[in-house]
Amino acid sequence: MKYMNLSITKIHEAILKGEVTPLELVKEAIEACKKDDNNSFEYICEKEAIERVDKLDESKKDSLLYGIPVVIKDNYSTKDIPTTGSSNMLNGYVPIFSSEVVLRLEKAGAIVVAKATMDELAMGGSGTTGHLGITYNPWDKSKTHLIGGSSCGSASSVAAGIVPFSIGSDTGDSVRKPASYGALVGFKPSWGRISRFGLFPFATSLDHVAYFTRNVEDSAILLNVLAGRDDKDFSSSFKPVEDYTARLNESVKGKKIAVIKEIMDSISNTSIKEAFNKNIAALKNLGAIVEPVSIDHKLLKAIYPTYIIISCAESTSNNANLDGVKFGPRESGESFEEIMTNTRSKGFSRLIKRRFVIGGYSLLKENQDELFVRAQKCRRLIVDAFNKVFEKYDAIYCPASPKVAPLVSSDSDALSDEYLIADNYMAFANMGGFPSITLPLGFEDNLPFGGNLTGKPFDESGVLSIAKVIENCTGLKDLVAKEGK
Amino acid sequence: MKTVTKEVLKTTANKLMFDMSDEQYDHLVSEFDILIKQMNLIGEIEGVDTAEPMTFPFDVTNDYLREDVATAPENKEEILKNSADVVDGQIRLPKVVK
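Read top to bottom, the protein sequences are chains A and B.
Residues 176 to 660 in my numbering are what the first sequence spells out, letter by letter.
Residues 88 to 185 in my numbering are what the second sequence spells out, letter by letter.
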């Protein structure tokens with residue numbers, strides 16, 4: 176009997192009934208990690224996981240995560256476990272402390288079985304730029320389609336049924352986009368809802384803790400474990416936490432959902448549009464009020480460049496500590512400056528350097544007002560526009576992507592509406608700190624695609640309750656890639 | 088806005104303490120053609136220049152300040168294991184005064 180392809184609640188029941196032990200679960204997950212052929216892992220924590228099982232406190236067996244294996248993106252610090260951010264700059268780095276997310280998971284009894292591959296330092300959306308290379312989509316056995324990034328290994332490990340849930344991070348859509356490509360639920364709660372202590376910063380004002388599950392209920396269960404104030408993170412919210420499972424069975428009747436007309440107009444894929452419209456019709460049948468709402472087309476097109484400028488600019492300072500001196504491999508040099516320059520020149524890949532140069536260019540004295548500060552001003556207008564929608568609506572719902580998982584060698588027209596709007600609009604939720612969830616919507620040629628639902632800041636319970644209804648309507652939950660394409 | 092040239096990008100990279108190959112700079116110069124067109128979309132937004140810059144998703148009021156208590160790390164050896172060049176419990180760097 177396999178357990179890793181089940182939901183958290185079903186695995187928990189099996190533990191309580193004595194059908195399976197945490198050690199057996201960990202061994203199942205570790206063996207599956209070893210057999211993985213999608214390039215999902217940086218490090219498999221076999222020894223560490225088995226040691227942790229030994230230390231489990233059986234009196235805490237009632238915790239829903241007790242004894243359940245989890246995969247962690249490699250940008251979360253894990254004490255005594257190598258953590259590289261999939262960058263050669265950090266090869267061999269072993270943190271001396273664990274991130275708050277990992278501590279909370281371990282306190283709840285979850286067992287870290289592996290660190291997941293990612294786009295280098297979380298700066299990418301393809302799952303191709305980490306130092307271990309391309310991470311593939313488990314739904315496509317021909318190894319021609321991507322799972323997407325930056326949380327690629329976290330996504331592929333849950334999609335492949337290696338673990339029931341995994342931790343990622345989301346600065347633009349780095350969990351919610353791969354979730355769409357992997358038939359997963361990808362949830363990014365509000366900015367400040369989950370502590371970021373110990374998460375390698377990419378763009379501090381946009382970074383969010385986020386995670387993958389295979390159903391909405393598991394997503395709520397996980398938030399119950401992870402949410403809450405942490406003094407070690409200045410941006411951690413004081414807002415009281417809730418029982419995020421409490422409203423999961425709430426009716427959608429009378430709830431108002433906005434569909435952004437311009438996002439829909441920028442999508443050409445008819446399978447995605449049809450599945451989305453079918454889902455909307457089902458929601459309406461249940462009494463939801465679903466209406467098209469317009470947002471300035473120019474503003475929507477500006478989301479991506481605004482995101483690129485702000486995130487790249489913030490990344491330059493956040494990664495200034497990677498100097499080759501305190502940690503990571505070091506190149507030789509006659510001075511500290513020479514060591515740092517030589518190490519960074521060799522350690523960072525060309526794509527990371529590209530992002531740093533974009534950020535640096537935006538911050539040049541001559542450019543700062545016209546690029547960086549103007550992007551911050553545009554961010555205000557973007558967030559204001561979405562907040563205006565939230566004055567009248569409980570949530571915004573649109574397809575998470577205009578396409579299924581892209582081919583490894585695919586290219587987009589970077590100036591088209593489809594690219595700038597439909598493929599990159601989800602960063603608005605990072606700009607405004609809105610809770611945002613992607614969940615399966617349908618399949619095209621055996622490859623999945625998802626919808627994305629976003630709500631008001633700190634209304635995680637409201638978002639999860641509508642998401643649960645959407646999930647009930649599609650019937651798409653607990654999906655694991657088996658035969659695939 | 089400063090015109091994008093290979094020299095400008097090289098200076099920018101060097102300020103950030105790294106360098107790239109000539110081929111990489113050339114490639115990036117050509118990529119900036121698209122990037123600048125994307126960036127210019129921001130300038131087309133009505134009222135953008137009079138908006139207040141947004142630095143975080145929402146205001147974070149934090150009156151918590153931890154006590155400033157000095158502590159000696161107990162795991163100095165573990166910390167230093169992450170550095171490539173350690174001598175006598177200290178990270179070694181080239182001499183500043185020669």
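Incorrect hints may have been included.
[Said to hold, decoys possible] Think about it this way: if two alpha-carbon atoms lie no more than 30 Å apart in a straight line, the pair counts; the simulated DSBU-like pairs of lysine-lysine are: (1) 124(B) <-> 235(A); (2) 168(B) <-> 182(B); (3) 501(A) <-> 168(B); (4) 501(A) <-> 124(B); (5) 163(B) <-> 282(A); (6) 222(A) <-> 407(A); (7) 209(A) <-> 168(B); (8) 236(A) <-> 168(B); (9) 182(B) <-> 230(A); (10) 163(B) <-> 540(A); (11) 453(A) <-> 567(A); (12) 124(B) <-> 563(A); (13) 473(A) <-> 102(B); (14) 163(B) <-> 222(A); (15) 254(A) <-> 163(B); (16) 102(B) <-> 501(A); (17) 540(A) <-> 89(B); (18) 414(A) <-> 453(A); (19) 407(A) <-> 89(B); (20) 473(A) <-> 124(B); (21) 521(A) <-> 163(B); (22) 182(B) <-> 521(A); (23) 230(A) <-> 93(B); (24) 185(A) <-> 473(A); (25) 473(A) <-> 414(A); (26) 102(B) <-> 540(A); (27) 222(A) <-> 168(B); (28) 124(B) <-> 407(A); (29) 163(B) <-> 501(A).
[Stated by the list, open to error] Stretch by stretch, here's where chain B covers chain A in the computed footprint (C-beta under 8 Å, at least three residues): (30) 458-467; (31) 525-532.
[What the hints assert, rightly or not] Partner residues aside, some chain B positions facing chain A, computed with beta carbon under 8 Å: (32) 92; (33) 96; (34) 117; (35) 128; (36) 134; (37) 144; (38) 147; (39) 169; (40) 172.
Rather than coming from a laboratory, the hints here were simulated on the basis of the structure.
Where a beta carbon is used, it is the ideal one built from N, C-alpha and C, also for glycine.
For each hint, the structure was consulted:
1. 124(B) <-> 235(A): violated, 56 Å
2. 168(B) <-> 182(B): Measuring from Cα to Cα gives roughly 22 Å; hence the hint holds.
3. 501(A) <-> 168(B): With Cα atoms ~9 Å apart, residue 501(A) and residue 168(B) stay inside 30 Å; holds.
4. 501(A) <-> 124(B): violated, 39 Å
5. 163(B) <-> 282(A): Satisfied, since the Cα-Cα distance of roughly 26 Å is no more than 30 Å.
6. 222(A) <-> 407(A): holds, 29 Å
7. 209(A) <-> 168(B): Given pair residue 209(A), residue 168(B) holds - Cα atoms ~28 Å apart, limit 30 Å.
8. 236(A) <-> 168(B): violated, 37 Å
9. 182(B) <-> 230(A): violated, 47 Å
10. 163(B) <-> 540(A): violated, 40 Å
11. 453(A) <-> 567(A): holds, 23 Å
12. 124(B) <-> 563(A): Distance of about 28 Å is within 30 Å: holds.
13. 473(A) <-> 102(B): violated, 34 Å
14. 163(B) <-> 222(A): holds, 24 Å
15. 254(A) <-> 163(B): Distance ~14 Å between residue 254(A) and residue 163(B) Cα, so the pair holds.
16. 102(B) <-> 501(A): Roughly 20 Å separates the two Cα atoms, so the pair holds.
17. 540(A) <-> 89(B): This hinted pair holds, its Cα atoms lying about 9 Å apart.
18. 414(A) <-> 453(A): Measuring from Cα to Cα gives roughly 37 Å; hence the hint is violated.
19. 407(A) <-> 89(B): Between residue 407(A) and residue 89(B) the Cα gap is close to 40 Å, so the pair fails against 30 Å, i.e. violated.
20. 473(A) <-> 124(B): holds, 13 Å
21. 521(A) <-> 163(B): It holds: about 28 Å lies between the C-alpha atoms, which stays within 30 Å.
22. 182(B) <-> 521(A): Judged against 30 Å, a Cα distance of about 23 Å means the pair holds.
23. 230(A) <-> 93(B): Since the Cα atoms of residue 230(A) and residue 93(B) sit roughly 57 Å apart, the hinted pair is violated (cutoff 30 Å).
24. 185(A) <-> 473(A): violated, 47 Å
25. 473(A) <-> 414(A): violated, 34 Å
26. 102(B) <-> 540(A): Given pair residue 102(B), residue 540(A) holds - Cα atoms ~13 Å apart, limit 30 Å.
27. 222(A) <-> 168(B): The given pair, whose Cα atoms are some 20 Å apart, holds under the 30 Å limit.
28. 124(B) <-> 407(A): violated, 40 Å
29. 163(B) <-> 501(A): holds, 12 Å
30. 458-467: With 0 residues closer than 8 Å to chain B, the region 458-467 of chain A misses the three-residue bar; violated.
31. 525-532: Holds: 5 residues of the region 525-532 of chain A have a Cβ under 8 Å from chain B.
32. 92: violated, 11 Å
33. 96: holds, 6 Å
34. 117: At about 12 Å, which exceeds the 8 Å cut-off, the nearest Cβ of chain A leaves the hint on residue 117(B) violated.
35. 128: Since the shortest Cβ distance to chain A is 5 Å, the answer is holds.
36. 134: holds, 7 Å
37. 144: With a closest approach of 3 Å, the residue 144(B) hint holds.
38. 147: This interface hint holds because 6 Å falls under the 8 Å limit.
39. 169: holds, 4 Å
40. 172: Interface hint status for residue 172(B): holds (6 Å vs cutoff 8 Å).
When each numbered hint is compared with the structure, violations occur for hints 1, 4, 8, 9, 10, 13, 18, 19, 23, 24, 25, 28, 30, 32, 34.
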